[in-house]
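Colleague: Residue strings, one per chain:
Protein chains: 2
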Amino acid sequence: MTNTFVVVGGDAAGMSAASKAKRDDPDLEVVVFEKGEWVSYGACGLPYYIKGEIQSLEALVSVTPEEFREERDIDLRTGHEVVAIDPDERTVTAESASETVVQSYDHLLIATGAAAVVPEIDGTDREGVYTLGSMSDGKELREYVARARGGESFQQPDRGPACRFLEDCTGPVGVVGGGYIGIEMAEALAANGFEVNLFQRGDRLLKGFSEETSEAVADHLREEDVAVHLNASVEELAGGEAVEAVVTDDDRIAVEMVLLGTGVRPRTALAEDAGIELGKTGAIATDAYRETNVSDVYAAGDCAEATHVVTGESVHVPLALSANRHGRAVGQTVSGQPTEGGGVAGTAAIKAFDVEAARTGILDHDEARAAGFDPVTETVTAKSRAGYYPEGGDVTITLTADRDSGRILGGSLVSEYGEGAVHRSHAIVGALMEETTVFELENYDLAYAPPFNTTWDPVLVAAKVLAGSLR
Amino acid sequence: MTNTFVVVGGDAAGMSAASKAKRDDPDLEVVVFEKGEWVSYGACGLPYYIKGEIQSLEALVSVTPEEFREERDIDLRTGHEVVAIDPDERTVTAESASETVVQSYDHLLIATGAAAVVPEIDGTDREGVYTLGSMSDGKELREYVARARGGESFQQPDRGPACRFLEDCTGPVGVVGGGYIGIEMAEALAANGFEVNLFQRGDRLLKGFSEETSEAVADHLREEDVAVHLNASVEELAGGEAVEAVVTDDDRIAVEMVLLGTGVRPRTALAEDAGIELGKTGAIATDAYRETNVSDVYAAGDCAEATHVVTGESVHVPLALSANRHGRAVGQTVSGQPTEGGGVAGTAAIKAFDVEAARTGILDHDEARAAGFDPVTETVTAKSRAGYYPEGGDVTITLTADRDSGRILGGSLVSEYGEGAVHRSHAIVGALMEETTVFELENYDLAYAPPFNTTWDPVLVAAKVLAGSLR
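Sequences listed follow chains A and B, in order.
Read in UniProt numbering, the first sequence has 12 at position 12, and its numbers run on one by one without any break.
Read in UniProt numbering, the second sequence has 113 at position 113, and its numbers run on one by one without any break.
So that you can see chain A by itself, here it is in the shape it has in the complex:
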């Protein structure tokens, strides 16, 4: 008797699971329902498409629907929205424009992802207000940019400071939210000649990163002529039919367009309706194998929780790698090899114009204390290459460890783009995953040569300084 593995949602977690399950067990029948037309797409690439560095949406697709169907023998049904799960009958009901399908399953994966949050303020429904949560959002935004620049054909802009160098300069525009999407879109819009206003409710951008990283990124955005408004609580998107101004608690700034980059929310309605439990974060709760409270029903990716490797707590970290990893693990599990896929460290990277930054683990002292640690933090700025080597810049690294045990809890790194803040974070992630102490990290025998670092790589310099302050 053939087993059937049904997947709801055809992006990172869903298609990773489907592909892995089918590869490991070719006898398994694998059915994927995706409500849209796009599957397995790199949503992380949308800002670069809108910026003009990538010329087609198709380029973001790593495997096409045809390839899934023909080469991987997966029964992929795009344009099919799953509207109900019946755990007792072990069926899902999916609707398309032309049919309603009831599909039975032996194993089910919910990989419904997350949706862009629209803040509860007036005016978000005005024309010219966008979010960036899907491929179609990306298409609309690119079309907006092309229109605003006065041409049908969108052209790759020259890299560099924007508005004042372009004849067809348009703007100003507003970006609400100083996280990944907000900053990447600020770059994409500025590079196309828009005068960009970036609004952040809190007192710094990238709040999951260290303060030093946040400041370095904010300083660089300002150098690139982005107006960074901190402590700016957006109260209304004012205007007529179209948006005309961003109104904050103490200012009113005229804009022609607004991009909302105010986070995402897990899509859980389908699961909830089927009696599947959510965790305290509001995402779907699972065990280490991504199985929900309902037997043989799994959840992975942006709709689900995961376990933080430092705190052991359930967290909702909607990022691409863990979606892929956990999806793949589910694929292995349902094909007969139970696989956990591991915890998450909340690791993330961003490029902002000519700066790169990464963060991992727990940096916030309150959060660390809540998990039972006594956090100590040091920040160092060190040369990215040998001091005498004729290129390079600085890398600023913030490292946090537990006072008693010396265990590394988190890190945040920032450098010029190309000077290695992001790849260097790999060392710190490894340390987190292995529950290493800073006394061990300072003795890591890392690679050294003058074109790549100082004899003590900046990561080791940070570890030395932090170890010194713990002794």
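The set of hints was computed from the structure by calculation and includes no laboratory data.
The model shown is predicted, which means the values in this text are computed figures rather than measured ones.
Incorrect hints may have been included.
One copy or two, it doesn't matter: identical chains are merged, so the pair holds either way.
Calculated lysine to aspartate or glutamate pairs in the DMTMM-like style (CA-CA distance at most 20 Å, straight line) [said to hold, decoys possible]:
#1 K383 with E58
#2 K464 with D25
#3 K280 with E140
#4 K464 with E291
#5 K280 with E29
#6 K139 with D125
#7 K207 with E67
#8 K464 with E340
#9 K383 with E53
#10 K139 with D25
#11 K464 with D24
Model the placement of chain B on the given structure of chain A, informed by the hints.
Modeller: Positioned in the frame of chain A, the structure of chain B alone reads:
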């Protein structure tokens, strides 16, 4: 009563130890004897000085003798060669041009470094035959390049393929040895217009790296018009007063100059004369605290052995970071806080023209078997950035693990310069230091964003493939 810490040798290990000891215990009297005039210099930078990318030898010095004396309060005596150690009397005897000093010690560090090996073939004493082991060697080589280019003043060359684009093209020249120094000097000479012949006795360059890395580097050197002669056993450097040809077992190639890059040998005569034991590698044997068989006498840096983190064996790995780290640990120990400084992984990095590479741990299967492992190796080539991102290239990663345990034994990485092979090696080094398995490594929650990697960083891709072949 004041304690006295005496250091023999004023480079990486010696000055790290002296500085750390004095900082941690300001009451300690710290005396350093250095036979030359240079201390704390970055010998790793010499090829870039000879190439012309660095304009003065002084730039390679991280801390000057005056700074050591005045700011760090270290009694640094340059121009003083230690000629004898008397462990019974606890004294060393040092000679300078004008005096002989007998200095008593409570703790002694031998940090005499390593000397460039001159192979036992005819003609190495001919004019125009150089080694690169010291600052004065670097000076001579740079002067040679300047002379050969027909000018008194040395000018920074344009980067790029060499001889055929320069009017004052000189050459050909020979480089014997396909390790770090040989390859870096091949680049330095080629960039100055020399026609470079690189002779390697074995069948590939960089024998400590993976075969794939060796091949990628050799291919790139050829693209840069370096003639790479593999399996070329150099039998004689022929000529009259000056060298005129490199004679191998089956060829004779005319040259105007030869650089010998055939490795280094630890300087141990002083230690041996004092009854200090050497290990099986021929370098000074120590315990985990770098203490020799003679009480209170330590050895660190290129003259000493260290423990390999994978095999647990004593090895001689003369590289800058462990010299610094172990010197610093000795400084801490003698100031009252016993510190090990950790083992070595044999991690190394190199830039060769526009390619970068790193290696760490045990890659050689015979070596792995001798240490009791059952090695399995996989090599993957993956994109250095998201496939759709408009830059980037490939990273080729070779990963070796033990079949039974899955423990990672070693890695070798190569990419275009700037595409992150070297900084990515940090993740693999961490895995080695922590005795991690490939099944853990594949679940590392590494940073991802399209400008830096694919969702699965190439390190994770390599781990996935290797894990798959172990299951």
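Colleague: Determine for every hint whether it applies to the structure shown.
Modeller: Evaluation of the provided hints:
no.	hint	verdict
1	K383 with E58	between (40 Å within a copy, 18 Å between copies)
2	K464 with D25	between (49 Å within a copy, 18 Å between copies)
3	K280 with E140	neither (34 Å within a copy, 69 Å between copies)
4	K464 with E291	neither (41 Å within a copy, 22 Å between copies)
5	K280 with E29	neither (34 Å within a copy, 60 Å between copies)
6	K139 with D125	within (18 Å within a copy, 71 Å between copies)
7	K207 with E67	neither (40 Å within a copy, 41 Å between copies)
8	K464 with E340	between (34 Å within a copy, 14 Å between copies)
9	K383 with E53	between (30 Å within a copy, 17 Å between copies)
10	K139 with D25	neither (37 Å within a copy, 65 Å between copies)
11	K464 with D24	between (45 Å within a copy, 14 Å between copies)
Of the numbered hints given earlier, the model fails hints 3, 4, 5, 7, 10; all others are met.
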